[in-house]
Structure formats: C-alpha cells, structure tokens
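Q: So you can see what is in the structure, the chains are spelled out below.
Protein chains: 2
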Amino acid sequence: MSLLPPQITRAIEEFSKLPGIGPKSAERLTFHLLRSSRASPENLGRALIDLKNELKYCTACQMVTLQEQCAVCTDTGRDHALILVVENPLDVVAFERTSYKGVYHVLHGVLSPIDGMGPEQLKLRELVARCKDGAVQEIVVATNPDVEGEATASYIQQQLGAVVPKITRLAHGLPMGADIEFADQMTLKEALIGRRSLR
Amino acid sequence: MSLLPPQITRAIEEFSKLPGIGPKSAERLTFHLLRSSRASPENLGRALIDLKNELKYCTACQMVTLQEQCAVCTDTGRDHALILVVENPLDVVAFERTSYKGVYHVLHGVLSPIDGMGPEQLKLRELVARCKDGAVQEIVVATNPDVEGEATASYIQQQLGAVVPKITRLAHGLPMGADIEFADQMTLKEALIGRRSLR
Chain B
2 MSLLPPQITR
12 AIEEFSKLPG
22 IGPKSAERLT
32 FHLLRSSRAS
42 PENLGRALID
52 LKNELKYCTA
62 CQMVTLQEQC
72 AVCTDTGRDH
82 ALILVVENPL
92 DVVAFERTSY
102 KGVYHVLHGV
112 LSPIDGMGPE
122 QLKLRELVAR
132 CKDGAVQEIV
142 VATNPDVEGE
152 ATASYIQQQL
162 GAVVPKITRL
172 AHGLPMGADI
182 EFADQMTLKE
192 ALIGRRSLR
Chain G
2 MSLLPPQITR
12 AIEEFSKLPG
22 IGPKSAERLT
32 FHLLRSSRAS
42 PENLGRALID
52 LKNELKYCTA
62 CQMVTLQEQC
72 AVCTDTGRDH
82 ALILVVENPL
92 DVVAFERTSY
102 KGVYHVLHGV
112 LSPIDGMGPE
122 QLKLRELVAR
132 CKDGAVQEIV
142 VATNPDVEGE
152 ATASYIQQQL
162 GAVVPKITRL
172 AHGLPMGADI
182 EFADQMTLKE
192 ALIGRRSLR
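Sequences listed follow chains B and G, in order.
The opening residue of the first sequence carries number 2 in this note's numbering; numbering runs sequentially from there.
The opening residue of the second sequence carries number 2 in this note's numbering; numbering runs sequentially from there.
Just to be clear, a hint being listed does not mean it is correct.
Identical copies go unnamed one by one, so any copy, or any two together, can satisfy a pair.
[To be verified] Okay, derived cross-link-like pairs now, SDA-like style, lysine to any residue, Cα gap no bigger than 20 Å in a straight line: (1) K57 x E88; (2) K18 x I50; (3) K53 x E43; (4) K18 x M177; (5) K18 x R29; (6) K18 x H33; (7) K53 x H33.
By construction, these hints were calculated from the structure, which means they are not laboratory data.
Taking the hints into account, I'd like the entire structure generated from these sequences.
A: What follows is the structure in structure tokens.
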C-alpha cells in the first residue's frame, strides 16, 4: 500500500473503523470523494468535525439537543408522568411521528456485556434519578425486541419496580401488513399471548 | 427530523451522498461516530479535509503521488516502453502485487456517456501525448471486462493503433480456483477462444 500517498491511506483507515465498512468499501468511498462532483471530502470532513460542536444532551431525557433541555422536555403540554425509554435518539424521532404525548428517556445503548456495555455505560442512573420524586406514573420500555433489549427491560424493572407504579413493555406481535404464513414462531406465539378482544 | 440538531442532520446528509450509503446507513454511521471510542468524527473529518491537501497526480502516468512523478515512473529499472492502462489508482496497487515490470497510465474513469464521462473527462489526451515520440512498444489495456471497459479499450485502439506497434487487452477466461460448472457462458466462450497449448 506504500504506493498510495499517506493522506489517502489515512482516509481509508478511518473509514474502515465505521460499522459495515470494510477495507474495500473504504477504498471505494475515498476514491469516490476524490473524483465526485456531488460529494466533497471537505464538506463531509467539516460536517464531521462540527458534529460534536455545541452538541448537548438534554439534562432531563439525554436526547441530543442544542439547548439545556430538548423541545419535548420543555413542552408543558406533554405528559411528564409518562416516560418512554428508548435505546437511541433516532428512536425518539421515530416515535415523534406517532401521536405519543409523553416524554422520553434515551439510554444511548443497551446492556451488552460482550460489547462492554454495562449499566454504568448507559444513562440508567439518570433514569432512576428522574423517578425518585414519585411523580412518574408509568415507564414504557421501548428497547428493541432482542436479547440485549429484553435484558435491559428486566434491569429497568428490577431497579424501578418499587418506585414507579407501572412499568410496561411495547407490545410484541405481527407488524402491520405482515403475512401470517411467513411470520416466525416467536412472533406468532407473542401475538397469541397478547391477543386483544374485538370491540 | 427537526428534532435532531442541524450538525447531526448535516453529517447524515453528507454521508448520504456517498455511493452505497442510503439515509438509514448515514444515520447509523453518524450516531456511531458520536458514541464510538474507536472511530472519532474529528479524526475522520480531519483525514477527509487533508485528503486533497498536497496530493498531486504523476505528470507521466497520472497516478496519485506526493511528488512530480510517482515511484514507478522515476524507477529506471522498469520497462518504460510497456504501458499498462488502468481505470483507477487502486488498479495500480493491485498490479504492483504481481511481478509486472512495465509502467502504468491511470485514466481516472472509463468512457460512460450516461455518467457524463467522455474522452475529455479521462486522462486519454495525456496517454496519446506519451506515445507521440514512438518510444512506446506496447500498450496493455487493463480496463474492467464490462461494456464501458470494452468501449474504452476500442477507443484507445482507434486513437493509438497507428502510433503504437502493439496494443493488447488482458486475457479473459476462468479465474484461478473457479468452478467450470458455475462459470457463465460468456466467460466459458472467452476461455475457449483464448485457449493455450500445453507445453
């Protein structure tokens, strides 16, 4: 690789550190940026350097924001006794497209000992602190329905079960538009357990 | 998306301009950079801003380099009468792993009218200029074996057929370790046409 100038190998190296980008994709991206008229290395570079600039985390819910508190937490029209716990900021964006009217808590990850993510690495202490005054009526745990997400949900139940009157989990079942024929058995089992009476 | 601070949406936008990275991957990469301890947005950002810094193109073969001429072109031990024409700098890196002892010419693309790549956009004029003094004995066209690569090879044959004694193309055929059963018919046809007698 000594044939390539060091600034090129450095860009390739840094790209390779990203998830899902191997050495070959990193090379392709780097040379694309050198040639492309639409994407420019300077624009992407500057955007990345500015990324953490002035970026704050909401002191209440830990959402990324520019102020001390995010737009949701400062909105007095929302139900502050209802907290939806999510893994990351993009989950907040997803739930904001629904008509959810409570507030959020962003964990910035899930419990995953293999990846070195213990309770200390997550914003769990902040969640416990928010519930201490007894004003929170319900916590909806909206971590992903996988092993790590379920472990995180159990941990929250253990930590806050005695403090918060109601701790719930998002419903499991068939996604809208799904085909029962192709649904996996775990999903069908959960859909049966969670069946609701027709009104 | 107004929930996300502008520096985050800007990084997502710039990532989305890269080939093979859609809006969802761009979001994932951006948030990965925010959290990761291994990859940092500052390092990648600075590498990209420096990418074109002091980067030169070899005045002879158009390879990326830091000097006026690249290491291959300044090497007097190599055969300067044999030019291997490739699409991009990574192809040079690939051929340098073989025992090839001639020099190169990097086109920085292939003829592709749909993508706005005509002869003017490629380093074809520079190739013609290199062959003018009659010292070049052979040009090996090593563009990829696809429609654009073949069109570029024909164009080079037209332009230089009268000036350079020998213009060749890389052999087509079965790659080493391939399974004939699974080879496509075009490859098998080319492998038959190009068959060689056993010594």
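Q: Next, verify each hint and record whether it holds.
A: Cross-check of the supplied hints:
{"no.": "1", "hint": "K57 x E88", "verdict": "within (17 Å within a copy, 45 Å between copies)"}
{"no.": "2", "hint": "K18 x I50", "verdict": "both (16 Å within a copy, 17 Å between copies)"}
{"no.": "3", "hint": "K53 x E43", "verdict": "both (17 Å within a copy, 9 Å between copies)"}
{"no.": "4", "hint": "K18 x M177", "verdict": "neither (36 Å within a copy, 31 Å between copies)"}
{"no.": "5", "hint": "K18 x R29", "verdict": "both (14 Å within a copy, 13 Å between copies)"}
{"no.": "6", "hint": "K18 x H33", "verdict": "both (18 Å within a copy, 10 Å between copies)"}
{"no.": "7", "hint": "K53 x H33", "verdict": "between (25 Å within a copy, 12 Å between copies)"}
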